[in-house]
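**Q** Residue numbers (the working numbering), protein chains in the order written: chain R, 2 to 169; chain W, 449 to 586.
Source of the hints: derived by calculation from the structure; they are not laboratory data. Please note that the accuracy of each hint is not assured.
Stated by the list, open to error - Cβ-to-Cβ under 7 Å is the rule here; a few derived chain W residues that face chain R: (1) 531; (2) 533; (3) 534; (4) 535.
Note that the structure is predicted; figures quoted are calculated from it, not measured. Built from N, CA and C at the ideal position, the CB exists for glycine as well.
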Amino acid sequence: MKAIALKIPFRPIALGLVVLLFSGVLLERAQAGGGHFFPPVTDPLVREECGSCHLAYAPSMLPKSSWTRMMGELKNHFGDDASVDAAKTERITRYLNANAADSGGQRNGGKLLRGVSMENAPLRITELPRWVSEHRKISTAEWKSKKVGSKANCVACHVDAERGYYDE
Amino acid sequence: MPTKTTTTLLLAALLLPLGSSAASRDELLGQYALSARAASPAFSGFSAARGEKLHVTKFAGGKAETPACTSCHADSPLSAGRTPAGKSIDALAVSLTPTRYTDPAKVEKWFKRNCHDVLGRECTPLEKGDWLSYMISQ
Chain R
2 MKAIALKIPF RPIALGLVVL LFSGVLLERA QAGGGHFFPP VTDPLVREEC GSCHLAYAPS
62 MLPKSSWTRM MGELKNHFGD DASVDAAKTE RITRYLNANA ADSGGQRNGG KLLRGVSMEN
122 APLRITELPR WVSEHRKIST AEWKSKKVGS KANCVACHVD AERGYYDE
Chain W
449 MPTKTTTTLL LAALLLPLGS SAASRDELLG QYALSARAAS PAFSGFSAAR GEKLHVTKFA
509 GGKAETPACT SCHADSPLSA GRTPAGKSID ALAVSLTPTR YTDPAKVEKW FKRNCHDVLG
569 RECTPLEKGD WLSYMISQ
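Chain R on its own, in the form it takes in the complex (with noise of 0.2 Å):
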């Protein structure tokens, strides 16, 4: 009785445990689409308010500080005028910072993020450094063309960008 519970099989066990992690590599690696995945905006609200002139941007593309700098000038939002009364820009704020790069979306916006101050960050995605190179290829003629027209029209190129997948 003892020698038998005594026989742990060690080396399967070891071998499903690196055959479980690699898969789970793998996994995460096929839902995060290569690091291009930025999970969507779900709130029915911030959908409405934040997705009506453009795509509803992933809270996780920008930190706290960039959201609730914006949120605290949607009087002036890039020369519009958004702003929204007092609760719903409370729950949008909380929305977007509880999701944001340097909170609930950290995973993912981390990539995006990089070499950028957490605390002075650019408003606008299009001015981070890894957005810049990422698009360094596309000419002024292909951002002027109609199908394209403005640098904030992510689904021109990125026809899944309404779900979070951002490739190529």
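Dock chain W against the given chain R, drawing on the hints supplied.
**A** Chain W only, in chain R's frame:
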């Protein structure tokens, strides 16, 4: 007899959502009419034709990029529009987008924003009623 009742009930159930959204639009129009009459006793109802003119007119008071409603919404209310950031905008005509203008707060929100962008001021109740009548007629 039971079949007839069932059919009637079924028809009523089918028409109910249609009726309620039309009712909320009528209610909104009624409110604009009240305000329009208060602003001018000569008010004698809204006009879809005036609404159409408002929709396509180019104004100078707003933003340079958006002189008219049609700058972002398509020339025809029956076509989809596009925001400067590339997002598609559902057609304005009620016949094509039946869910439109059923939430008064949403209607007011967009009148406020878009009238400022296009005309550089708020729209009057008369303008809102005319424009809405045009879209309901389409």
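**Q** Run every hint past the structure and note whether it holds.
**A** Taking the hints in turn, this is what the structure says about them:
no. : hint : verdict
1   : 531  : holds (5 Å)
2   : 533  : holds (4 Å)
3   : 534  : holds (3 Å)
4   : 535  : holds (6 Å)
Every hint from the earlier list agrees with this structure, and none is contradicted.
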